[in-house]
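Using the sequences and the hints given, assemble the complete structure.
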Amino acid sequence: MAPTRKSGRKKAAAAKRPAARKTAAKKSARKSTRKAAKKTARRPAKRAAAKKSSARKTAKRRPAKRAAAKKSTARKTAKRPAKRAAAKRGGAKRGAAKRGAAKRGGAKKTARKRTAAKRGGAKKTARKRTAAKKTAKRGAAKKRAGGRKAAKKSSPKKAARKSGAKKAAKKSARKATKKAGAKKAAKKTAKKTAKKARAKRAPNPAFMKPLNPSPALSEIVGSGMLPRTEATKRVWDYIKKNNLQDPKERRQINADAKLQRVTAGKSRISMFELTKHVSNHLK
Numbered sequence: 001m002a003p004t005r006k007s008g009r010k011k012a013a014a015a016k017r018p019a020a021r022k023t024a025a026k027k028s029a030r031k032s033t034r035k036a037a038k039k040t041a042r043r044p045a046k047r048a049a050a051k052k053s054s055a056r057k058t059a060k061r062r063p064a065k066r067a068a069a070k071k072s073t074a075r076k077t078a079k080r081p082a083k084r085a086a087a088k089r090g091g092a093k094r095g096a097a098k099r100g101a102a103k104r105g106g107a108k109k110t111a112r113k114r115t116a117a118k119r120g121g122a123k124k125t126a127r128k129r130t131a132a133k134k135t136a137k138r139g140a141a142k143k144r145a146g147g148r149k150a151a152k153k154s155s156p157k158k159a160a161r162k163s164g165a166k167k168a169a170k171k172s173a174r175k176a177t178k179k180a181g182a183k184k185a186a187k188k189t190a191k192k193t194a195k196k197a198r199a200k201r202a203p204n205p206a207f208m209k210p211l212n213p214s215p216a217l218s219e220i221v222g223s224g225m226l227p228r229t230e231a232t233k234r235v236w237d238y239i240k241k242n243n244l245q246d247p248k249e250r251r252q253i254n255a256d257a258k259l260q261r262v263t264a265g266k267s268r269i270s271m272f273e274l275t276k277h278v279s280n281h282l283k
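For the sequence shown, our numbering begins at 1 and goes up steadily by one.
Wrong hints could be hidden among the right ones.
Cut-off 27 angstroms, straight-line C-alpha distance, at most; resulting in silico cross-link-like pairs (DSS-like, lysine-lysine) [claimed, not checked]:
{"#": "1", "residue 1": "K171", "residue 2": "K240"}
{"#": "2", "residue 1": "K258", "residue 2": "K248"}
{"#": "3", "residue 1": "K209", "residue 2": "K248"}
{"#": "4", "residue 1": "K123", "residue 2": "K137"}
{"#": "5", "residue 1": "K171", "residue 2": "K183"}
{"#": "6", "residue 1": "K88", "residue 2": "K98"}
{"#": "7", "residue 1": "K266", "residue 2": "K240"}
Rather than coming from a laboratory, the hints here were simulated on the basis of the structure.
So this is what it looks like as structure tokens:
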């Protein structure tokens, strides 16, 4: 079959399509480059226009701002005299209030002084009256005593009888007090003897049991058998003799070479630990 005209045309159109696409792409690229060149050319003009507009705005705003600032300062300066006048009025009011308070305080002080003076005067007058009454009473009492003395002189026998009765009553009272004191002393002595009897307790036989000291302890205490209490006593005698107690803290003991054999090599121990170490060396 021979190719028809239509099929040939189609093939020619298909062959031309890639070339058309390439030309279209080139045209679009050229247009974009032109647009970019135009934009870059316009930028300095835009910048200049923006600067001019900002300058105009600042030129318009600055005078207005300055005028507003001037107006505010003018208002403040206009208000200052009023403030000063108000401050003066306040100071005058405070001064007047202080003066009034001072006057009131002075008036109160004077009133207090007057009342105190009145009270003091009233007290003085009352004291004088009481003193006068007391002196009057004393004078009357002296007169009565003088009358009684005269009566006593007139009756010496009655006075002698009364004095004898008084002496006898005093003697009997003294005897009674002596008897009561003797009873109290007897009770005290009985209490003391009872306390002593209670205090003298029988010692614990476990402490009084004689024990053999170890060779380390026998250098301090001795080689003979002795009870636990006697061993501790001899150890303390050895400590006091050699000044092994700490001068600042008396509960602590600074052990020497002999005592360290008993205290398991410790150079410093407390007095409570000492009895424990001593009991360990007694069997």
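Hint check results:
1. K171 - K240: Violated, at roughly 61 angstroms.
2. K258 - K248: holds (23 angstroms)
3. K209 - K248: violated (36 angstroms)
4. K123 - K137: holds (21 angstroms)
5. K171 - K183: holds (19 angstroms)
6. K88 - K98: holds (15 angstroms)
7. K266 - K240: holds (18 angstroms)
Hint compliance for this structure: hints 1 and 3 are not met, and every other hint is.
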